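A.B. asks: Okay, here's what each chain looks like letter by letter:
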Amino acid sequence: MTQVARPAPGKPRRLDAFTLASEPGNERLALARVAGTVKDLGLSEARLERLKTAVAEATMNAIEHGNGNRAEIPVEVEVTLDGDEIIVTISDQGGEADAAQNAGDPEEPDLLKKLDGAQTPRGWGLFLIRNMVDAMNVTTDGQRHTIWLTMRTGGAAHGEHV
Amino acid sequence: MASTCEATTRIVPGAAVIELSGDVDGTAAAILTAAYAEAVNGHDGPEPVGTVVLDFGAVDYINSTGIALIVSVLARARAERRKVVACGLSAHYREIFDITRLSDFIELFPDLDHAVSQLTGPAA
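Residue numbers (our numbering), protein chains in the order written: chain A, 1446 to 1607; chain B, 268 to 391.
In isolation and in its complexed conformation, chain A is listed as follows (with noise of 0.2 Å):
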C-alpha cells in the first residue's frame, strides 16, 4: 500500500509574511496581499469577504493608532494556516496604550446614539473585526501589540451566509 505524505496534524504553516509602511491607505494593501495568499484554501466568497474587512480595519487601527500613521514604523502583517484555521496577525508598536485603546472598547457602537448625537459617528473598527472573523484576540508583549484575526476555511459561524 502506499502512503501519501501528509503534513503533521497540528503543525502550522506560515504562508505569508510581509511588513507596510505605516501611511493612510496601506491597509488596502493589506486586505490585497492577504486575500490572495487565502484565495485558494476554500473560503467562500463570503466569508473571503468577512476577512477581507477584518484585515483591513485591523491594519488601519495598526497604521493609525498603533504606530501613529509614522511611516517609518512599518506594521508586520503574518498569514499563517493551522489546520483548517487561517491565522492573520497584524502587529504595530503601539504597546500598552494601544492595548487599553482595544481592551477598553468602553462602549459598543449604537447606532441610535450615534443618530441622536449620543456617541460619535466614529468607533465602529473593532465592532466591524469581531463580527467579520471566527475569533479576535489580542496580545501586547512590551511595545509590540498584535492582533489575532482566525477564520476557518470551512463551515460557517451561526447565522452566517455562505
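A few of these clues could be false.
[What the hints assert, rightly or not] Which stretches of chain A does chain B cover? Using the computed rule of at least three CB atoms under 8 Å from a CB of chain B, they are:
| # | region |
| --- | --- |
| 1 | 1491-1505 |
| 2 | 1567-1577 |
[Said to hold, decoys possible] Derived SDA-like pairs (lysine to any residue); straight-line CA-CA distance at most 25 Å:
| # | chain 1 | residue 1 | chain 2 | residue 2 |
| --- | --- | --- | --- | --- |
| 3 | A | K1558 | B | D380 |
| 4 | A | K1484 | B | H359 |
| 5 | A | K1558 | A | H1510 |
[To be verified] Computed beta-carbon distance windows for the label pairs:
| # | chain 1 | residue 1 | chain 2 | residue 2 | range |
| --- | --- | --- | --- | --- | --- |
| 6 | A | N1582 | B | E314 | 50 to 58 Å |
| 7 | A | T1565 | B | D327 | 19 to 27 Å |
| 8 | B | A325 | A | T1565 | 26 to 34 Å |
| 9 | B | S270 | A | L1486 | 29 to 37 Å |
| 10 | A | N1582 | B | A346 | 36 to 44 Å |
| 11 | B | D327 | A | A1462 | 21 to 29 Å |
Derived by calculation from the structure, the hints in this document are not laboratory data. Given the structure is predicted, the values throughout are model-derived calculations rather than measurements. Just so it is clear, CB atoms sit at the ideal spot from N, CA and C, and this is done for glycine as well.
Since chain A is already given, all that's left is putting chain B on it; use the hints.
C.D. replies: Structure of chain B alone, referenced to chain A:
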C-alpha cells in the same frame, strides 16, 4: 491621501439621488457632505427633497470610517425629516449594513431602478 470617491447628484421624481463611486472611506468626507448639500438644496423644483437615495452601485470599498460618514448623512437627514434609502450594495456590504443596524433606518434596494420605481410607484 487623495480620495478616489466621486459623487454625482440628480433629481428623480420623488427623490434626490447621490451616485457614488470609488472608495467610501475617510477621504470621502468632504465629497459626501457636499453631495448631500447639493442633493437637497441644489435644485429648483417646487417640492423640498423628501428622500435621498444613496447609490453604491459603483462603490468598490467601504470601511469603518465610511460607515461613520453614512451615519452622519443619515443623522443629518433625520434631523431634516428626510428619508434615506440605499441601493447597489454588494452582499457583503448589505451584511455590514445589517450588522451595524444601518438597514433598520435605511431601506435597501438591489439597484437604482428598483429604488426609483418603489419611490415613484402608486401608493399601496
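A.B. asks: Are the hints correct? Go through all of them and say.
C.D. replies: Status of each hint after checking the structure:
Coverage of the region 1491-1505 of chain A by chain B holds. Counting CB-CB distances below 8 Å, 7 residues qualify, and the rule asks for three or more. With a cut-off of 8 Å between beta carbons, the region 1567-1577 of chain A has 7 residues touching chain B; three or more are needed, and the interface restraint holds. Restraint check for A/K1558 and B/D380: not satisfied, since their Cα atoms lie roughly 32 Å apart, outside the 25 Å limit. This hinted pair checks out: A/K1484 and B/H359 have alpha carbons roughly 17 Å apart, not beyond 25 Å.
With a C-alpha separation of about 24 Å, the suggested pairing of A/K1558 with A/H1510 holds against the 25 Å cut-off. Distance hint check: the CB atoms of A/N1582 and B/E314 are about 54 Å apart, consistent with the given range 50 to 58 Å. Between A/T1565 and B/D327 the Cβ separation comes to about 26 Å, which falls inside the hinted range of 19 to 27 Å. Look at B/A325 against A/T1565: about 28 Å separates their beta carbons, and that is inside 26 to 34 Å.
At roughly 33 Å, the beta carbons of B/S270 and A/L1486 sit within the given window of 29 to 37 Å. As the Cβ distance of A/N1582 to B/A346 is approximately 40 Å, the hint placing it in 36 to 44 Å holds. At about 27 Å, the beta-carbon gap between B/D327 and A/A1462 stays in the expected band of 21 to 29 Å.
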